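Peer 1: Residue-level listing of the chains:
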Amino acid sequence: RKEVEQDPGPFNVPEGATVAFNCTYSNSASQSFFWYRQDCRKEPKLLMSVYSSGNEDGRFTAQLNRASQYISLLIRDSKLSDSATYLCVVTGGSQGNLIFGKGTKLSVKP
Amino acid sequence: DTEVTQTPKHLVMGMTNKKSLKCEQHMGHRAMYWYKQKAKKPPELMFVYSYEKLSINESVPSRFSPECPNSSLLNLHLHALQPEDSALYLCASSQEPRDSSYEQYFGPGTRLTVT
Chain S
17 RKEVEQDPGP
27 FNVPEGATVA
37 FNCTYSNSAS
47 QSFFWYRQDC
57 RKEPKLLMSV
67 YSSGNEDGRF
77 TAQLNRASQY
87 ISLLIRDSKL
97 SDSATYLCVV
107 TGGSQGNLIF
117 GKGTKLSVKP
Chain X
13 DTEVTQTPKH
23 LVMGMTNKKS
33 LKCEQHMGHR
43 AMYWYKQKAK
53 KPPELMFVYS
63 YEKLSINESV
73 PSRFSPECPN
83 SSLLNLHLHA
93 LQPEDSALYL
103 CASSQEPRDS
113 SYEQYFGPGT
123 RLTVT
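Order-wise, the sequence lines are chains S and X. Counting the first sequence from 1 gives a position; the working numbering is that position plus 16. Counting the second sequence from 1 gives a position; the working numbering is that position plus 12.
The hints are simulated quantities; they were obtained by calculation from the structure and are not laboratory data. Being a predicted model, the structure only gives us computed values, none of them experimental. Treat the hints with care, since some could be wrong.
[Unchecked claim] Derived list of chain S stretches under chain X, where covered just means 3 residues or more per stretch with a C-beta under 8 Å from a C-beta of chain X:
{"id": "1", "stretch": "56–67"}
{"id": "2", "stretch": "114–126"}
[What the hints assert, rightly or not] Partial chain X-side listing against chain S, Cβ under 10 Å, derived:
{"id": "3", "residue": "Y47"}
{"id": "4", "residue": "P73"}
{"id": "5", "residue": "F76"}
{"id": "6", "residue": "F118"}
A virtual CB, placed ideally from N, CA and C, is assigned to each residue, including glycine.
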């Protein structure tokens, strides 16, 4: 089983749509969880951390289910500028190194 | 300010060249990282520096040699690279290496082409 699994997509959605991404991780000892977005030929940028209680930042909502080892990201009212690859990331060893999923590509169309 | 800077942005080098990539952060972070990213793949961890000491080397070939001159700077020295080493090299930093809850912030990367 891969350490972090995501649906690679692409997800092609119209502007204004709501879209959800899911991610599963294999290491039950992972402590921290993040969503990063990466635009083509750019660096990953932190979108949000994911907490057990769930957290929201504007149009973005992230949730964590530790029992199922499952993380989700919901984007409401999609904008053209949301088009990117969304990377699900969990921490691995004691040094806090990150383990990346392969990413889910989102394309928002006019 | 969550800025990590990297130079150069682009680098083309021959297999016999020696070059260095540079990374700098002024956020007071005590952990710094080198990642390698190939097209359409996620970043792969290469090295971790914790309090200016190398703490993780992910079995990276010796033609890549990291250096951390001080808490703000991280270098990656390159020598005798192969064409398959062509990739985007990303530097990242985080606040406290022993507490994995801290987010990592990435620099813009150096796009390396080995000819």
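Peer 1: Run every hint past the structure and note whether it holds.
Peer 2: Verification of the hints:
| no. | hint | in the structure |
| --- | --- | --- |
| 1 | 56–67 | holds (count 7) |
| 2 | 114–126 | holds (count 5) |
| 3 | Y47 | holds, 9 Å |
| 4 | P73 | violated, 19 Å |
| 5 | F76 | violated, 17 Å |
| 6 | F118 | holds, 4 Å |
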